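Throw the hints in and build the complete structure from the sequences for me.
So you can see what is in the structure, the chains are spelled out below.
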Amino acid sequence: MIEETLIPKVGVITDVRKDTPDVKTFRVVGTDGKKLFKHMPGQCAMVSVPGVGECMFSITSSPTNEEYMEFSIKKCGCVTEVIHSLEVGQHITVRGPYGKNFPVEEDFKGKDLLFIAGGIGLAPLRSVINYVRHYRSNYGKVVIVYGARSKDDLVDIEEIQTEWMNEPNMDVYLTIDRPQEGWDGHVGFVPAYVKELGLDPNMTAVLCGPPIMIKFTLAGLLELGFDKSRVYTTLELRMKCGVGKCGRCNVGDKFVCKDGPVFRMTELDELPDEY
Amino acid sequence: MLKIAKERLNELYAKIAESMGLFIPIKKAGEVNYHVWGEGKEVSLETLKTVKSPKNAFFPASENLMKFKTEGKNLEIIDVRWDKSEKPFVIFGVKACDYKAIEVLDKVFLADPVDTYYQSRREAFTIVTLACSKPEESCFCNAFGVDATAPKGDVTTWLDEKYLYWQPNTEKGEALTQIVADMAEQGGEAEVAAQQAATQAIMEKLPFASLDLSRFQPENLNELFDDPAWEEMSEACLGCGTCTFVCPTCQCFDIRDFKTHEGVIRYRCWDSCMYSDFTLMAHGNSRTTQMQRFRQRFMHKLVYYPSQNDGLYSCVGCGRCVNKCPQRLNIVKVIKTLGGKDND
Amino acid sequence: MKDVEMKMLERAKALLGSGEVARVIGWKKGEFYFDPVPASFESVEELSDFVYNGFCGANLSKYLIQMSKKEGKTAIFLKPCDSYSFNQLVKEHRIVRENIHVIAIECQGKLDIEKIKAQGVSAVTEVEEDGDTVKVSSLYGETTLNKEDILLVKCATCKSKTHQAKDEEIVLHEMPESKNNRFDEVEKLEAMTETERFAFWKLQLQKCIRCNACRNVCPACSCIKCVFDNPASGIAAKANDSEFEEKLFHIIRAFHVAGRCTDCGECSRVCPQNIPLHLLNRKFIKDIDGLYGEYQAGETAEGKTPLTSYTEGDKEPNDVVDGEAK
Numbered sequence: 001m002i003e004e005t006l007i008p009k010v011g012v013i014t015d016v017r018k019d020t021p022d023v024k025t026f027r028v029v030g031t032d033g034k035k036l037f038k039h040m041p042g043q044c045a046m047v048s049v050p051g052v053g054e055c056m057f058s059i060t061s062s063p064t065n066e067e068y069m070e071f072s073i074k075k076c077g078c079v080t081e082v083i084h085s086l087e088v089g090q091h092i093t094v095r096g097p098y099g100k101n102f103p104v105e106e107d108f109k110g111k112d113l114l115f116i117a118g119g120i121g122l123a124p125l126r127s128v129i130n131y132v133r134h135y136r137s138n139y140g141k142v143v144i145v146y147g148a149r150s151k152d153d154l155v156d157i158e159e160i161q162t163e164w165m166n167e168p169n170m171d172v173y174l175t176i177d178r179p180q181e182g183w184d185g186h187v188g189f190v191p192a193y194v195k196e197l198g199l200d201p202n203m204t205a206v207l208c209g210p211p212i213m214i215k216f217t218l219a220g221l222l223e224l225g226f227d228k229s230r231v232y233t234t235l236e237l238r239m240k241c242g243v244g245k246c247g248r249c250n251v252g253d254k255f256v257c258k259d260g261p262v263f264r265m266t267e268l269d270e271l272p273d274e275y
Numbered sequence: 001m002l003k004i005a006k007e008r009l010n011e012l013y014a015k016i017a018e019s020m021g022l023f024i025p026i027k028k029a030g031e032v033n034y035h036v037w038g039e040g041k042e043v044s045l046e047t048l049k050t051v052k053s054p055k056n057a058f059f060p061a062s063e064n065l066m067k068f069k070t071e072g073k074n075l076e077i078i079d080v081r082w083d084k085s086e087k088p089f090v091i092f093g094v095k096a097c098d099y100k101a102i103e104v105l106d107k108v109f110l111a112d113p114v115d116t117y118y119q120s121r122r123e124a125f126t127i128v129t130l131a132c133s134k135p136e137e138s139c140f141c142n143a144f145g146v147d148a149t150a151p152k153g154d155v156t157t158w159l160d161e162k163y164l165y166w167q168p169n170t171e172k173g174e175a176l177t178q179i180v181a182d183m184a185e186q187g188g189e190a191e192v193a194a195q196q197a198a199t200q201a202i203m204e205k206l207p208f209a210s211l212d213l214s215r216f217q218p219e220n221l222n223e224l225f226d227d228p229a230w231e232e233m234s235e236a237c238l239g240c241g242t243c244t245f246v247c248p249t250c251q252c253f254d255i256r257d258f259k260t261h262e263g264v265i266r267y268r269c270w271d272s273c274m275y276s277d278f279t280l281m282a283h284g285n286s287r288t289t290q291m292q293r294f295r296q297r298f299m300h301k302l303v304y305y306p307s308q309n310d311g312l313y314s315c316v317g318c319g320r321c322v323n324k325c326p327q328r329l330n331i332v333k334v335i336k337t338l339g340g341k342d343n344d
Numbered sequence: 001m002k003d004v005e006m007k008m009l010e011r012a013k014a015l016l017g018s019g020e021v022a023r024v025i026g027w028k029k030g031e032f033y034f035d036p037v038p039a040s041f042e043s044v045e046e047l048s049d050f051v052y053n054g055f056c057g058a059n060l061s062k063y064l065i066q067m068s069k070k071e072g073k074t075a076i077f078l079k080p081c082d083s084y085s086f087n088q089l090v091k092e093h094r095i096v097r098e099n100i101h102v103i104a105i106e107c108q109g110k111l112d113i114e115k116i117k118a119q120g121v122s123a124v125t126e127v128e129e130d131g132d133t134v135k136v137s138s139l140y141g142e143t144t145l146n147k148e149d150i151l152l153v154k155c156a157t158c159k160s161k162t163h164q165a166k167d168e169e170i171v172l173h174e175m176p177e178s179k180n181n182r183f184d185e186v187e188k189l190e191a192m193t194e195t196e197r198f199a200f201w202k203l204q205l206q207k208c209i210r211c212n213a214c215r216n217v218c219p220a221c222s223c224i225k226c227v228f229d230n231p232a233s234g235i236a237a238k239a240n241d242s243e244f245e246e247k248l249f250h251i252i253r254a255f256h257v258a259g260r261c262t263d264c265g266e267c268s269r270v271c272p273q274n275i276p277l278h279l280l281n282r283k284f285i286k287d288i289d290g291l292y293g294e295y296q297a298g299e300t301a302e303g304k305t306p307l308t309s310y311t312e313g314d315k316e317p318n319d320v321v322d323g324e325a326k
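Chains as they are written, first to last, in this note's numbering: chain A, 1 to 275; chain B, 1 to 344; chain C, 1 to 326.
Treat the hints as calculated values from the structure; they're not laboratory data. Note that the coordinates shown come from a computational prediction; the quantities given were computed from them, not determined experimentally. It is possible that part of the hints are untrue.
Derived SDA-like pairs: lysine to any residue, alpha-carbon spacing no greater than 25 angstroms straight-line [unchecked claim]:
1. LYS6/B - ALA17/B
2. LYS207/C - ASN56/B
3. LYS13/C - SER68/C
4. LYS225/C - ILE255/B
Pairwise CB distance ranges (calculated) [to be verified]:
5. ALA150/B - LYS228/A: 22 to 30 angstroms
6. GLU42/B - GLY33/A: 23 to 31 angstroms
7. GLY311/B - GLU169/C: 49 to 57 angstroms
8. SER276/B - PRO317/C: 56 to 64 angstroms
9. THR305/C - LYS336/B: 43 to 51 angstroms
10. ASP83/B - GLY51/A: 25 to 33 angstroms
For each residue, glycine too, the CB sits at the ideal point set by N, CA and C.
Structure, rendered in structure tokens:
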């Protein structure tokens, strides 16, 4: 029978990593042990536990990983709560990839890149950051600013500390909201930190995190002289189909599932403020 | 053109039903809707507006998408898609506005990636349309370029006191004509032309005959979105889904899972952007007020959908919302308030 | 009726003009004579499209849940039957009585445009009310109909013409009490065999399209989050899994409003498929009358209700289940 986008593939969980008290990263392959499908950084997939529900998640792993996919999932609703209870060997369903990716092969090429993430907002950025690392010579300087509520809420801290921080021509700045025992790094909110750092406004910036962080960080970037047309972010709205048919994730005449989730700030400026 | 004597209509239905499933307006518990024809059913072709539109045939209110079998940690997906070669169907009596609505739905469901559930039904159906001869005050299909007297479809029909006039338009329509040919005779062009002229004269006199849609352009999207009039227009809205469910073009759906003793069934069902949980996520809701939901519905029909589909509006002027909104809100009020200077 | 409308408009202007109230809830003109829309007016200027006629069937009381919490006083026009819903909402602490000015208005029974169309009149353009008759003009001709034949279902079996709550009154003509025959249809259902009754409801409820209009319009359905909308309830669903699953929704709803439903009839008025939903509620009202003595929800804004108060003489649950209580 012909392909149907709503009918998913069966995936097997091959690894579960507890990143923070409420974030786990799940490694998934097909029942044949191979990667389920190809994707590009920033794209998403519908993951489901049959009987519970299906939700859209960004694919955290880099497309350059040809063995498996990873999803970093924060426990915050009825589906993610069940996903968090799943163990290695459990079958789930996955379909995708959906949406537009970051323009890593177009606008990002040859540019200095600034990645700013808050909390679970690192999930979609991890994919693009690792993609950039893989094709390192295609891009200029990379700066990463990542913040979370506490040091325990920093997702993928091991990879950040052992790999990203040792990558040439790549600066990583971490911050947490409040002082904490055992943390000698920066303390403070991401937007303020970004301003403090006095970043080069000629960089292409990617923002991902809670709406409030995005709002204030964007304001900070504009103050520093960043150009909105070179600032990207991702949106998240309720989705059911993933392909622009079920009608619920639109902002104005754009569907986040199909026309997003990656948007240029200048594109968002043209849309109604309803996200 | 062919014509079939009105008193032989039942015979016609029976003949079609021998080899095909026949959906036709039938009165059941007082209301006329499309149901499967059977001997003794009360067919009501004269009913101008079925409560539910024909979209139900292609996009059912609820349909199973797949089943899951679980065994321990293992999972198997069972494709339950309907095999269209099983049986062909006919939907009979579709009005011009409702046919236009199917074209609107096609743009959504048949766009890449094709929705195969919709596609298989769409392909299995032969659509027989019926021209209107007695439009009513809530009709405004002409505002959306629909000619109520000359609907498209695989076969177009016209009905008067004596005959059903029959004009096949497509291969599917020709095939259906073969089935009913022996009860038909040639002729009817003059009668049809006369009926069309008479109906068109009425159409021009309808209260909503000249609605101005000129302001509903993609470039006015933000201006329309921010218009203060939405607040007042939506004030009485109950947040029910009546307008959505009787609308022939509303196509939003929900996908949910249902646990049965034989495994999990994943189904989709009609959903309404008027409902408070439509955009609800674990961490928030992008539309928290009824005004926002109300605005979404009409902006989608008049601005967002046209912007995505080369200017085609996703309202066809059937007037069902005009008749059925419990508090008498409807798209005509929105058009008159925001559509352009020529509305009163 | 025109004089009633004039008087109402006059009062609305006075109340808004003097600043005594911040808003008036009434009806505004629709596209036709027969489709007035519930509206709130916040200034004298806004009253330019104020209307009150034979098609103002909507019960406005539920709007007070939101409106009475706004700043300033809210005036509202209530027909006799709407005043019962109003009292019930006050009793359930859903609306703030002190913030409301109730204007009790005359009602001679409200009309149903669908019933007019069912009489074979299509493309209605004008309606003129004249006592017991209604003159209907359409693109296809004119006709005069008896008002009695085109009343809303709820008005055809009007339970009372007495206002149960009012701060002032606009009643210019006598409102004759109609013969209260509202339990006749319930008795017909009771006279059926179980199989017949099941078939009746199955045929009717199968028409349900799950639009929730009955629930959303119902003044007794004032839950902040309905169980059918709550994903955590396990029964939140927008679709039926069998052709007769809708009974679950309607029966649960009928149970939930039992003893609180004033029989305002809005559920049947708004149903797009014309399901006689009010009959479910009326059956409960009739049973409660039989079991606990005559009780009319919304007659007062105080006091206990039969289902929430205990007396030693109460029927035992098994009497009710076994049907002895009839």
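Subject >> Numbers of the earlier hints that this structure fails to satisfy, in rising order >> reply: Numbers 5, 6, 8 - these are the hints that the structure violates, sorted from lowest upward.
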